Amino acid sequence: MKFLRVLYHLIRADFLERTRRYSFLLVLAFAAYVAYGVFAGEIVVRLDEYRGVYNSAWVGSVMAWVSTVILSLAGFYVVKNAILRDQVTRVGLVLATTPMRKSFYTLAKTLSNFTVLAAMVAVLAAGAVGLELARAEHSHLEIATLVAPFAWLALPAMFMIAALAVLFETLPVLRGGAGNVIYFFAWAACLGISVGTGSADWLGFNLLRGSMSAALKAADPTHEGEFLLNLNINPSLHASQTFLWNGVDWTIPIIVHRLLWVVMAAGIALLSSLFFHRFDPAREPWRLKPLAPSLGPAEGLESVGSPPVAQTWVSTAGPLSPVKRKPGLRPIVFSELLLMLKGQPLWWYAIAVLLFAISLLVPGLGVRSGAAAIAWLWPVLVWSQMGAREARNATESLIFCSESLLNRQLPAVWMAGVVVALLTGGGMGLNLLFSRDWRGVAAWIAGAFFIPSLALAFGVWTGTSKPFEVLYTALWYLGPMHHTAGLDFTGAAPTATSPIMYLAVTVVLLALAYFGRRTKLAYP
Amino acid sequence: MRLVIDKVSKCYEGNAWALKDFCLETGPGVLGLLGPNGAGKTTLMNILATITRATTGTVVWNGTDVKRKPDALRAVLGYLPQEFGVYPHLNAVEFLEYLAAVKGLDATSARRRIDDLLKLVNLADARKRPLGSYSGGMKQRVGIAQALLNDPQLLIVDEPTAGLDPEERVRFRNLLAELSGERIVILSTHIVSDIEAAATEVALISQGTLVMHALPEELLCKAEGRVWEWVVPTSEINALKQRYQISGAVRRADGTHLRVLAESCPNGAQPLAPTMEDAYLYCLCSHRAGGAR
Chain G
452 MKFLRVLYHL IRADFLERTR RYSFLLVLAF AAYVAYGVFA GEIVVRLDEY
502 RGVYNSAWVG SVMAWVSTVI LSLAGFYVVK NAILRDQVTR VGLVLATTPM
552 RKSFYTLAKT LSNFTVLAAM VAVLAAGAVG LELARAEHSH LEIATLVAPF
602 AWLALPAMFM IAALAVLFET LPVLRGGAGN VIYFFAWAAC LGISVGTGSA
652 DWLGFNLLRG SMSAALKAAD PTHEGEFLLN LNINPSLHAS QTFLWNGVDW
702 TIPIIVHRLL WVVMAAGIAL LSSLFFHRFD PAREPWRLKP LAPSLGPAEG
752 LESVGSPPVA QTWVSTAGPL SPVKRKPGLR PIVFSELLLM LKGQPLWWYA
802 IAVLLFAISL LVPGLGVRSG AAAIAWLWPV LVWSQMGARE ARNATESLIF
852 CSESLLNRQL PAVWMAGVVV ALLTGGGMGL NLLFSRDWRG VAAWIAGAFF
902 IPSLALAFGV WTGTSKPFEV LYTALWYLGP MHHTAGLDFT GAAPTATSPI
952 MYLAVTVVLL ALAYFGRRTK LAYP
Chain E
123 MRLVIDKVSK CYEGNAWALK DFCLETGPGV LGLLGPNGAG KTTLMNILAT
173 ITRATTGTVV WNGTDVKRKP DALRAVLGYL PQEFGVYPHL NAVEFLEYLA
223 AVKGLDATSA RRRIDDLLKL VNLADARKRP LGSYSGGMKQ RVGIAQALLN
273 DPQLLIVDEP TAGLDPEERV RFRNLLAELS GERIVILSTH IVSDIEAAAT
323 EVALISQGTL VMHALPEELL CKAEGRVWEW VVPTSEINAL KQRYQISGAV
373 RRADGTHLRV LAESCPNGAQ PLAPTMEDAY LYCLCSHRAG GAR
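One line per chain: the protein sequences are G and E, in this order. Note that the working numbering has the first sequence beginning at 452, numbered continuously upward. Note that the working numbering has the second sequence beginning at 123, numbered continuously upward.
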C-alpha cells in the first residue's frame with residue numbers, strides 16, 4: 452500500500468505541475484485542432500476512393516490512429532522533461548535522499564508521462580464522440596466501440612512513448628537537443644517500417660489496415676487499393692465512396708498482443724534505471740573540479756595566522772583601469788558567434804568541414820546535394836540556442852538591463868546565426884556561384900537568412916530550444932531532404948520554393964522576434 | 123548625482139502589492155536596504171535596474187525620468203541580481219568580454235579592466251576555466267566583476283554576499299565601502315552585519331513600504347535604552363519569548379543570558395549598548411505593531 456501511495460503522489464505532483472503550464476494547454480488546443488481536422492476533412496483516412504461510413508467504429512478508429520501517429524511524435528517532445536524538471540527545480544536532490552529505488556523512480560516517471568499523454572488521448576476521444584454526433588452518418592452512438600481503439604491502440608503506444616521519453620532523458624547522449632533530432636528520425640524510420648513491412652506494429656497500423664481491407668473486400672471484391680492517411684488534402688483526393696465497417700474484433704489474442712507493448716514499455720522504463728544517476732552532481736557534465744592549490748588568499752587579505760580578516764581594510768578598488776564606451780555591432784556579433792560555437796567538440800567542426808568540402812568538391816550531384824542538405828541540419832543545435840539562451844541560462848537579469856538591447860544585441864544574435872549558416876552551407880553556396888546558377892544562389896541566401904530567423908523567433912517566444920529543434924528537423928526532412936514543394940528552402944532542387952517567399956517569411960519572423968523580445972523588456 | 127524614487131508601487135498578478143508608495147532620495151554613498159524576506163527589496167532593485175516597470179510612481183536619475191529615458195540610467199548602471207546564470211562553456215574572461223560588448227564598452231579598455239576585476243575578485247587563477255565548473259561562490263564573484271565592468275555610477279547589488287565564504291564576504295564589504303566615494307551603491311540584504319560594515323545610510327523596508335531612512339547612528343539611537351541583558355533559568359525561556367522580543371541567547375553556568383528588546387527594564391536585567399541588529403529588530407517590531415517610524 453505504501454508503494455502505491457508513493458507512486459500515486461509522484462504521478463499526481465508531476466501531472467498537476469505539467470497540466471498547470473501553458474504548454475499543456477497549447478498541446479490540448481493542438482489535440483482539439485486534430486479532432487477538428489478530421490471533422491473538417493483536412494485529415495482523412497481512406498482506402499483509395501473509399502472511406503468508411505462515420506459510425507462509432509470508423510470514427511473511433513480513425514481518431515485513435517491519427518492521434519496515435521501525431522502524439523507519438525509531438526507527445527514525446529511534450530513529456531521529455533520529467534527528469535529534467537526535477538533536476539532544474541532541485542526537487543531531484545530531495546528525492547535522491549529518500550529510500551526510493553532508481554527503478555521505482557523511472558517507472559513512476561514513465562507512468563507520469565503516460566498520464567499526461569493519456570489526458571490528451573482522452574480529449575481526442577471526447578472529440579471523436581462529438582465528431583460522430585456532428586457527422587450523423589449513422590443512427591446511434593456505440594460508446595464501447597468508439598472508445599475501444601483508444602484503449603487498445605492509442606494507450607499502449609502512449610506507454611511506449613512515455614517510456615522512451617524517460618530512456619532518452621537518462622541517456623546522456625540523448626538527453627539534450629541531439630536526442631530531439633535523433634528521435635524525429637527514429638520515429639520516421641519506425642513509422643516507415645511499420646507501414647511498409649507490417650512488422651513492429653506499435654502504432655496499430657496493420658491491425659486497422661487488415662480489418663478495414665477485409666471489410667472493403669467483402670463490399671467490393673475487385674478492390675486492391677491501399678490505405679492512405681492524408682493531411683490537408685486537396686478536394687480531388689477526397690474519398691468518393693463509402694463502405695460499412697464495424698470495427699476491429701477485439702479478441703483476446705489481439706488485446707494481449709497490444710498489451711505486449713505495455714510490457715515492453717515497462718521493460719524500457721526499468722532499463723532506463725540502469726542509466727539514471729540519481730541526480731548525482733558529480734555525474735553532471737559540469738562537475739566542480741577542485742581548485743588549484745596555487746589559488747592563494749585574495750590580494751589585500753591576510754593569510755592564515757594573521758590578524759582576523761575583518762580588521763583588514765586595504766585598498767582594492769583603486770587600481771581598476773578606466774573603461775571607455777564605444778557602442779558598436781561588430782564586437783557583439785563576434786561575442787555571439789563565440790557563444791554559439793564555443794563548447795562544440797572538435798569532431799563537430801571536422802564533420803562540418805567535411806560536409807562543406809563534399810558539397811563543394813564531389814562531382815556526383817546526388818552526393819553533393821545530400822551533403823549540402825545535411826550541412827544545414829548539422830548546426831541545428833547551434834541555431835536552436837538563439838533567442839532562448841538568456842532564459843535557458845538565466846542571464847536575462849544581467850543582459851536585459853543593458854542599453855539599446857533591441858537595436859544591438861538582438862540583431863547581433865541574428866547576424867551570428869547567419870554567419871553560421873553561410874559558413875556551414877558555404878560549400879553549396881560556392882558551388883552554385885561557380886556554376887552561375889543565380890536562382891540557386893538567391894535561394895541559398897534566402898535559406899541562410901531564413902533558418903536563423905526561424906530559430907530566433909522560436910527562441911524568443913518560447914524561451915526554449917526544443918520547439919525549433921523539432922520543427923526545423925521536420926521542415927528539413929520534408930523540404931531540403933525530400934524536396935516537398937513549398938518547403939525546400941535551400942534552393943537545391945528545381946522544386947525549391949521561390950527565394951522571394953522565404954525572404955518575405957524571414958522578414959515576418961524577424962518582426963516576430965523583435966516584438967517578442969520587446970515584450971520581455973520593461974523598457975524597450 | 124541623485125537618485126529619486128517617488129511613490130513607486132508595484133502590483134503583481136492577483137492584486138499582490140510588492141511595493142506601495144515607496145519614496146526615497148539618495149546621493150553618493152552606500153545605501154543599505156534592509157528588510158525581511160518578501161519585504162519588496164528585490165522588486166525595488168529590479169525596478170531601479172530597469173528590469174521591471176513600476177505600476178505607479180517614478181524613478182528619476184540625475185533629473186531624468188527613467189521611464190522616459192531608460193538608457194540614461196542603463197549606461198551608468200552596474201547590477202548584480204540576487205539570482206543569475208552564466209554561460210557554462212565560456213570562461214570568465216570570455217563571459218565578461220561578452221557582457222562588455224553588450225554594454226557597449228570599448229574592447230581594448232574593457233580587456234584591461236577585466237584583468238583588474240578578475241584580480242580584484244580573486245579569480246585570476248581560474249580565469250581560463252569554463253564557468254560551468256565554478257562553485258556558487260566563484261559564480262557570485264563573476265557577478266560582482268560584471269557589475270563593475272562599466273565603472274558604474276549607480277551600483278545595485280542584491281544579496282551580494284550570499285554564497286560567499288566569510289573571507290570573501292569581508293573583502294566584498296570593503297570593496298563596496300571603497301567604491302562608494304563617487305557613486306551611489308545600493309546594497310540590498312537581510313544580513314545586518316553587511317549593512318553594519320558598509321552602509322553610510324540605511325533604508326528599512328517592510329511589507330513593501332519604507333519604514334525608515336536614516337544614518338546608521340540614527341537607527342542605533344532608536345534602540346538606545348531598550349536593549350537588556352537578562353540572566354534567567356533555561357526553563358523560563360519559552361514563557362519569556364511570549365512576552366519579550368529576544369534577539370539573542372547564550373547559555374552559561376549561571377543560566378541563560380538573554381538579549382532582550384523592551385521599552386522598560388525587565389526585573390533584574392542590565393542595560394546593553396544596542397547593535398544594528400537590535401535596532402533593526404526593534405524598528406521592525408515597532409512597525410508591525412503599528413508604531414510610528
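Keep in mind the hints are simulated off the structure, nothing from the lab. Quick caveat, the model's predicted, so the values are computed rather than measured. Don't take each hint at face value.
Cut-off 25 Å, straight-line C-alpha distance, at most; resulting in silico cross-link-like pairs (SDA-like, lysine to any residue) [claimed, not checked]: (1) K261(E) to A483(G); (2) K777(G) to T164(E); (3) K191(E) to V215(E); (4) K191(E) to T178(E); (5) K775(G) to T230(E); (6) K261(E) to E493(G); (7) K971(G) to G207(E); (8) K453(G) to K250(E); (9) K971(G) to R175(E); (10) K777(G) to N184(E); (11) K777(G) to T178(E); (12) K775(G) to T178(E); (13) K189(E) to L857(G); (14) K793(G) to G207(E); (15) K775(G) to T164(E); (16) K775(G) to R175(E); (17) K250(E) to I850(G); (18) K261(E) to F656(G); (19) K241(E) to V542(G).
Going down the list of hints, with the structure as the test:
no. : hint               : verdict
1   : K261(E) to A483(G) : violated (46 Å)
2   : K777(G) to T164(E) : violated (31 Å)
3   : K191(E) to V215(E) : violated (31 Å)
4   : K191(E) to T178(E) : holds (16 Å)
5   : K775(G) to T230(E) : holds (9 Å)
6   : K261(E) to E493(G) : violated (53 Å)
7   : K971(G) to G207(E) : holds (17 Å)
8   : K453(G) to K250(E) : violated (51 Å)
9   : K971(G) to R175(E) : holds (11 Å)
10  : K777(G) to N184(E) : holds (22 Å)
11  : K777(G) to T178(E) : violated (34 Å)
12  : K775(G) to T178(E) : violated (35 Å)
13  : K189(E) to L857(G) : holds (16 Å)
14  : K793(G) to G207(E) : holds (17 Å)
15  : K775(G) to T164(E) : violated (30 Å)
16  : K775(G) to R175(E) : violated (29 Å)
17  : K250(E) to I850(G) : holds (22 Å)
18  : K261(E) to F656(G) : violated (53 Å)
19  : K241(E) to V542(G) : violated (36 Å)
Checked against the numbered hints above, the structure violates hints 1, 2, 3, 6, 8, 11, 12, 15, 16, 18 and 19; every other hint is satisfied.
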